[in-house]
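Colleague: Each chain is listed here by its residues.
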Amino acid sequence: MNDFKTNANWTASVISDIKKQAETGGMLLTGMGNPSPYPNYWDRILLDASQVTNPSIDPLREPMELRTFLGRKSSKLEKETYPQLELSTPIMFSAMSYGSISLNTCKSLAMAATDSGIYWNTGEGGLHKDLYKYANRAIVQVASGRFGVHEEYLRAGAAIEIKVGQGAKPGIGGHLPGEKVSKEISETRMIPEGTDAISPAPHHDIYSIEDLRQLIYALKEATDYEKPVIVKIAAVHNSAAIASGMVRAGADIIALDGFRGGTGATPMIVRNHTGIPIELALASVDQRLRDEGIRNDASVVVAGGFRSSADIIKAIALGADSVYIASSALIAVGCTMCQKCYTGKCAWGITTQDPELVKRINPEIAKKRLNNLIRAWSLEIKEVLGSMGINAVESLRGNKERLRGIGLNETELKILGIKHAGE
Amino acid sequence: MRKDKMIVIIGNSVAAIAAVEAIREENAKTEITLVSSEPNHVYSRPMIPGFLYGKYDEKRMQFRDDEFYKRNKVTALLGRKAVKLDEKKKEIFLDDEKKLHYDKLLIATGGVPFIPPMKGAENDLLTFTTLDNAKKLKDEAKEKNDFVVIGAGLIGLKVAESLAKMSKGVKVVELADRILGGIADKKSSEMFLEEFRKHGVEINLKCSVEEILRKDGKITGVRLNDGRTLSCDSFVVAIGVRPNIEIVKGTGIAFNKGIIVNEMMETNVQNIYAAGDCVEAKDIIANENRNLPLWPNASLQGKVAGFNMAEKKDIYPGSYMMNSITFFDLPMISYGLVNAEGPEFEILEKIRKDDYRKIIIRNGKIVGAIFVNNIDRAGIIDGLIRENADISEFKTSLIDDDIGFIVMPAKTRKEKLSSVQVTRL
Amino acid sequence: MKVVYPREEYCIGCKLCEIHCLVEHSKSKDIIKAFRKEFPKAMNKNIVEKRKDVSFCVSCRHCPEAPCITACMTGAMHRNKKGAVVVDKDKCVGCWMCIMVCPFGVIKRDGEKIASKCDLCPDKEIPVCVKNCPNEALVYEER
Chain A
389 MNDFKTNANW
399 TASVISDIKK
409 QAETGGMLLT
419 GMGNPSPYPN
429 YWDRILLDAS
439 QVTNPSIDPL
449 REPMELRTFL
459 GRKSSKLEKE
469 TYPQLELSTP
479 IMFSAMSYGS
489 ISLNTCKSLA
499 MAATDSGIYW
509 NTGEGGLHKD
519 LYKYANRAIV
529 QVASGRFGVH
539 EEYLRAGAAI
549 EIKVGQGAKP
559 GIGGHLPGEK
569 VSKEISETRM
579 IPEGTDAISP
589 APHHDIYSIE
599 DLRQLIYALK
609 EATDYEKPVI
619 VKIAAVHNSA
629 AIASGMVRAG
639 ADIIALDGFR
649 GGTGATPMIV
659 RNHTGIPIEL
669 ALASVDQRLR
679 DEGIRNDASV
689 VVAGGFRSSA
699 DIIKAIALGA
709 DSVYIASSAL
719 IAVGCTMCQK
729 CYTGKCAWGI
739 TTQDPELVKR
749 INPEIAKKRL
759 NNLIRAWSLE
769 IKEVLGSMGI
779 NAVESLRGNK
789 ERLRGIGLNE
799 TELKILGIKH
809 AGE
Chain B
9 MRKDKMIVII
19 GNSVAAIAAV
29 EAIREENAKT
39 EITLVSSEPN
49 HVYSRPMIPG
59 FLYGKYDEKR
69 MQFRDDEFYK
79 RNKVTALLGR
89 KAVKLDEKKK
99 EIFLDDEKKL
109 HYDKLLIATG
119 GVPFIPPMKG
129 AENDLLTFTT
139 LDNAKKLKDE
149 AKEKNDFVVI
159 GAGLIGLKVA
169 ESLAKMSKGV
179 KVVELADRIL
189 GGIADKKSSE
199 MFLEEFRKHG
209 VEINLKCSVE
219 EILRKDGKIT
229 GVRLNDGRTL
239 SCDSFVVAIG
249 VRPNIEIVKG
259 TGIAFNKGII
269 VNEMMETNVQ
279 NIYAAGDCVE
289 AKDIIANENR
299 NLPLWPNASL
309 QGKVAGFNMA
319 EKKDIYPGSY
329 MMNSITFFDL
339 PMISYGLVNA
349 EGPEFEILEK
359 IRKDDYRKII
369 IRNGKIVGAI
379 FVNNIDRAGI
389 IDGLIRENAD
399 ISEFKTSLID
409 DDIGFIVMPA
419 KTRKEKLSSV
429 QVTRL
Chain C
23 MKVVYPREEY
33 CIGCKLCEIH
43 CLVEHSKSKD
53 IIKAFRKEFP
63 KAMNKNIVEK
73 RKDVSFCVSC
83 RHCPEAPCIT
93 ACMTGAMHRN
103 KKGAVVVDKD
113 KCVGCWMCIM
123 VCPFGVIKRD
133 GEKIASKCDL
143 CPDKEIPVCV
153 KNCPNEALVY
163 EER
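Residue numbers (the working numbering), protein chains in the order written: chain A, 389 to 811; chain B, 9 to 433; chain C, 23 to 165.
Note that these hints are calculated values from the structure, not bench results. Warning: the hint list may mix true and false statements.
[To be verified] If the Cβ cut is set under 10 Å, some of the chain C residues that face chain B in the computed set are: (1) Arg29; (2) Ile69; (3) Cys120; (4) Cys124; (5) Ile136; (6) Tyr162; (7) Arg165.
[Unchecked claim] Straight-line Cα separation of at most 25 Å, DSS-like style, residue types lysine-lysine; simulated pairs: (8) B:Lys422 - C:Lys37; (9) A:Lys571 - C:Lys63; (10) C:Lys103 - B:Lys37; (11) B:Lys403 - C:Lys63; (12) C:Lys104 - B:Lys419; (13) C:Lys74 - B:Lys358; (14) B:Lys361 - C:Lys103; (15) A:Lys788 - A:Lys807; (16) B:Lys144 - B:Lys67; (17) C:Lys153 - A:Lys756; (18) C:Lys55 - A:Lys568; (19) B:Lys419 - C:Lys63; (20) B:Lys422 - C:Lys153; (21) C:Lys74 - C:Lys111; (22) B:Lys206 - C:Lys49; (23) C:Lys72 - C:Lys49; (24) C:Lys104 - C:Lys49; (25) A:Lys733 - C:Lys74; (26) B:Lys173 - C:Lys135; (27) C:Lys72 - B:Lys403; (28) B:Lys63 - C:Lys111; (29) A:Lys521 - B:Lys226; (30) B:Lys173 - C:Lys113; (31) A:Lys733 - C:Lys72; (32) B:Lys67 - C:Lys72; (33) C:Lys37 - A:Lys756; (34) B:Lys403 - A:Lys517; (35) C:Lys72 - C:Lys130; (36) B:Lys173 - C:Lys111; (37) B:Lys143 - C:Lys113; (38) A:Lys568 - C:Lys113; (39) B:Lys152 - B:Lys37; (40) B:Lys63 - C:Lys135.
Glycine included, each C-beta is placed from N, C-alpha and C at the ideal position.
With the sequences and hints as input, model every part of the structure.
Modeller: Structure representation (structure tokens):
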């Protein structure tokens, strides 16, 4: 790589990608989230703090509430209540299937979610028999391949997520190569051993909001309306309109996945060039739902490259109820962001099924590290809430007044719905 | 147990010592009297070859410390022979005509050397089973330089090795067509034969001593049954041992070659126990009672007898023939039916230069094994034999260089590796 | 009694346990000196078994009724105050009876022809193999 002469346009990666394709005639595959230097709005948003008139709170001395409920809220004084997910802190583990990651990694996430009082997500990998004991903290996913979906699975989970799209590969399906479909995976996904597991790009039964509504209510029927249904889409140009449709179709929670979200494997062309930043999608969706008076009909969960508690706090102030994290969770258990997930040879035993490599994740150790991360970020969120004089995360949600942009133009500020620093 | 109960132990080797320790583990008060015809503190018989050529002194051979008897409150009558037993009156008589009453008795009299009839044999024949024998031989070796050893079994070859290490001329006479017949197969015995020849020991197979030749009463050589004569100035009989059961002869205690015991190491006479080289106890491979004069067996038998005498019920799980032996620099561990032949046996072998392994299988179970040179993980085989484990699934791996738990099916392996103890010796 | 148990599902076969064991039982307790400068070289008392994707470390289990103690003909093999089965180097003569009867096959012959085995690291609260296993594939516990 270093052999090439420095060139701002014809970089080493550009040159070697061309050579690779000239040799193979194939698409370039990659893993994890979009690494390109697109603007990151989290880094251009600053937080407010209380001084004199609205005193700050010391979280060591006073209780701070991070508890978060996700699900449709009763907007009037209705008798009817809706099923809720209760989170000890506004963070969840994003969908990662058994298949894309190893069973030990699934276990680590499941155990940590159980310990920390949050939720983990099965992805489209089904629920392995060893993971049923963590099912009450699991969001079970129904995706375009319907792998591993059956009544017991739906009933086991705490919530059901219909995955329409993924931030790292909007409009693209999934492909787990046959060689990775081991006996255990084949049993969990309910497909023959050694066959390719192909998740189609679209849901073949969803071509409209009405079709989506049918699926949502089919799942609610199947689970006696006891579980919230989440609909997850990739953040794309018209997310706001789609989100409005999703809420109207009956989603209790909508999940938006930005273009920095990770994946186990995706064509590089899609990962690097498709979708929009979650910051902009979130702000526009939140605003749209408010404008339409349906913001309380669904919670908003955002995903796609949350790197720190600061990103999470800013997301909440921008209108999110909670965030999904995956890349940072994997980093906590060992991932070094080498982006080689698609090879199936993850040196850390995360995105691999190689029996020699999967042993490298000891769920007991990984669980502790995940719990530590959740704890550390929760402490930081409390600290920042305190500095803003707020004692409950609920009070920060959509509180865009506590955010200021820096170095942003007027359009960006308008979309984000925030003022510029100094204003 | 009442305080005044009296336990008498005849013998002072490992079975007796293990019994003392077991009794004391259970009962601190009962009286223990130990009678031994040998005057020595506890010493390790297998170490006498090393004593002979000066590797160990007497102190080193003590396998329990000086305070052993005192600490365990044992009245030790050393150098006193128990000559007669009256099992009805519960009394034993010593060679000084003193009599001892017992409530429970342990007979751990061990073995005595077997001496074949030979012309010219006088009472100056040297044997090699006790420290006294070794001392006598050591004295003899100060003057004598040319030895004939009868017997190429374990004891005979150990004497021969020690004498060779003392730079003495050694000629071994063996009736069988190879050495170490009982504990080695053909291949391994050849390896040892080579080892002995390399160290200048002459080994004469398929012959026996007919006559000891003397001149003026002094030994000058031996005449063999094939007509040859071997010159020598000293002569050691080391063919083997047989159970020492003099004391039970003429009593109601049942015996064959050795004293017959049940699984609690009790004889047919209540309150009389026996353990060690003098008994016939359960052989788990032969599935019958046999005399297996081996240190580990004697140790476990003594322990079991001790517990039962202290009224803690314990069962002897049985054992089988096994040996760990090193001649010069060549070690061997062998188990069970090393010479098994026949359609019912399956034999797996691996021969390398200086390295030999053999596993003998019957009905999916290991019934014998030999490890020469690379012996480090042999014990795993012992565990499998004692557990009567079915090894058909992984048998071929047992002769692999990396033998270990890794060759076993995952379930078996995990069970073993997660348990506190897998076998009791 | 607490002893060392392997958990093969997490063993990655790195053999750090063997290395730490060797260093702990060397004269200098310094990794470079232990491997390059000390003669006879210290021995690790544990054994990592590895085939294909399976690996685990085996070491002495300090059996409650230890066959090696029963079989020892010199009194060298004994139980220390902590309950660990250890070898008295001055008494051991290298007869290998202990090797013959150890069902775990974890007694080795050292350079001086005496039995060499796990002593549970008498100077340490937790044996070094357990302490330094990067994936907690060894546990020190009572079962």
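Colleague: Give a verdict on every hint.
Modeller: Here is what the structure says about each hint:
1. Arg29: This interface hint holds because 9 Å falls under the 10 Å limit.
2. Ile69: 7 Å, holds
3. Cys120: Holds, about 8 Å.
4. Cys124: Holds, because the Cβ-Cβ distance from cysteine 124 of chain C to chain B comes to roughly 4 Å (cut-off 10 Å).
5. Ile136: With a minimum Cβ separation of about 12 Å from chain B (threshold 10 Å), the hint on isoleucine 136 of chain C is violated.
6. Tyr162: Because about 14 Å separates tyrosine 162 of chain C from the closest Cβ in chain B, which is outside the 10 Å limit, the hint is violated.
7. Arg165: 6 Å, holds
8. B:Lys422 - C:Lys37: 19 Å, holds
9. A:Lys571 - C:Lys63: 46 Å, violated
10. C:Lys103 - B:Lys37: Given pair lysine 103 of chain C, lysine 37 of chain B holds - Cα atoms ~24 Å apart, limit 25 Å.
11. B:Lys403 - C:Lys63: Answer violated: lysine 403 of chain B to lysine 63 of chain C is near 34 Å, above 25 Å.
12. C:Lys104 - B:Lys419: 32 Å, violated
13. C:Lys74 - B:Lys358: This hinted pair holds, its Cα atoms lying about 22 Å apart.
14. B:Lys361 - C:Lys103: Roughly 44 Å separates the two Cα atoms, so the pair is violated.
15. A:Lys788 - A:Lys807: At roughly 8 Å apart (the allowed maximum being 25 Å), lysine 807 of chain A and lysine 788 of chain A satisfy the hint.
16. B:Lys144 - B:Lys67: OK: lysine 144 of chain B and lysine 67 of chain B at ~18 Å, within 25 Å.
17. C:Lys153 - A:Lys756: 17 Å, holds
18. C:Lys55 - A:Lys568: 45 Å, violated
19. B:Lys419 - C:Lys63: Not satisfied, since the Cα-Cα distance of roughly 36 Å exceeds 25 Å.
20. B:Lys422 - C:Lys153: 22 Å, holds
21. C:Lys74 - C:Lys111: Roughly 37 Å between the alpha carbons, so the hint for lysine 74 of chain C and lysine 111 of chain C is violated.
22. B:Lys206 - C:Lys49: This hinted pair is violated, its Cα atoms lying about 37 Å apart.
23. C:Lys72 - C:Lys49: Judged against 25 Å, a Cα distance of about 28 Å means the pair is violated.
24. C:Lys104 - C:Lys49: Holds. Lysine 104 of chain C to lysine 49 of chain C sits at ~22 Å (cutoff 25 Å).
25. A:Lys733 - C:Lys74: Holds, at roughly 16 Å.
26. B:Lys173 - C:Lys135: Holds, because 17 Å separates the two Cα atoms, which is no more than 25 Å.
27. C:Lys72 - B:Lys403: 18 Å, holds
28. B:Lys63 - C:Lys111: Cα-Cα ~15 Å, so holds.
29. A:Lys521 - B:Lys226: Violated, because 88 Å separates the two Cα atoms, which is more than 25 Å.
30. B:Lys173 - C:Lys113: 21 Å, holds
31. A:Lys733 - C:Lys72: 20 Å, holds
32. B:Lys67 - C:Lys72: 43 Å, violated
33. C:Lys37 - A:Lys756: 24 Å, holds
34. B:Lys403 - A:Lys517: Distance ~33 Å between lysine 403 of chain B and lysine 517 of chain A Cα, so the pair is violated.
35. C:Lys72 - C:Lys130: Holds - the C-alpha atoms of lysine 130 of chain C and lysine 72 of chain C are around 18 Å apart, at most 25 Å.
36. B:Lys173 - C:Lys111: With a Cα-Cα distance of about 23 Å, the restraint between lysine 173 of chain B and lysine 111 of chain C holds, given a limit of 25 Å.
37. B:Lys143 - C:Lys113: Between lysine 143 of chain B and lysine 113 of chain C the Cα gap is close to 21 Å, so the pair holds against 25 Å.
38. A:Lys568 - C:Lys113: Given that 25 Å is the threshold and the Cα spacing comes to 56 Å, the pair is violated.
39. B:Lys152 - B:Lys37: Given that 25 Å is the threshold and the Cα spacing comes to 51 Å, the pair is violated.
40. B:Lys63 - C:Lys135: 14 Å, holds
When the structure is compared with the earlier hints, violations turn up for hints 5, 6, 9, 11, 12, 14, 18, 19, 21, 22, 23, 29, 32, 34, 38 and 39 and for no others.
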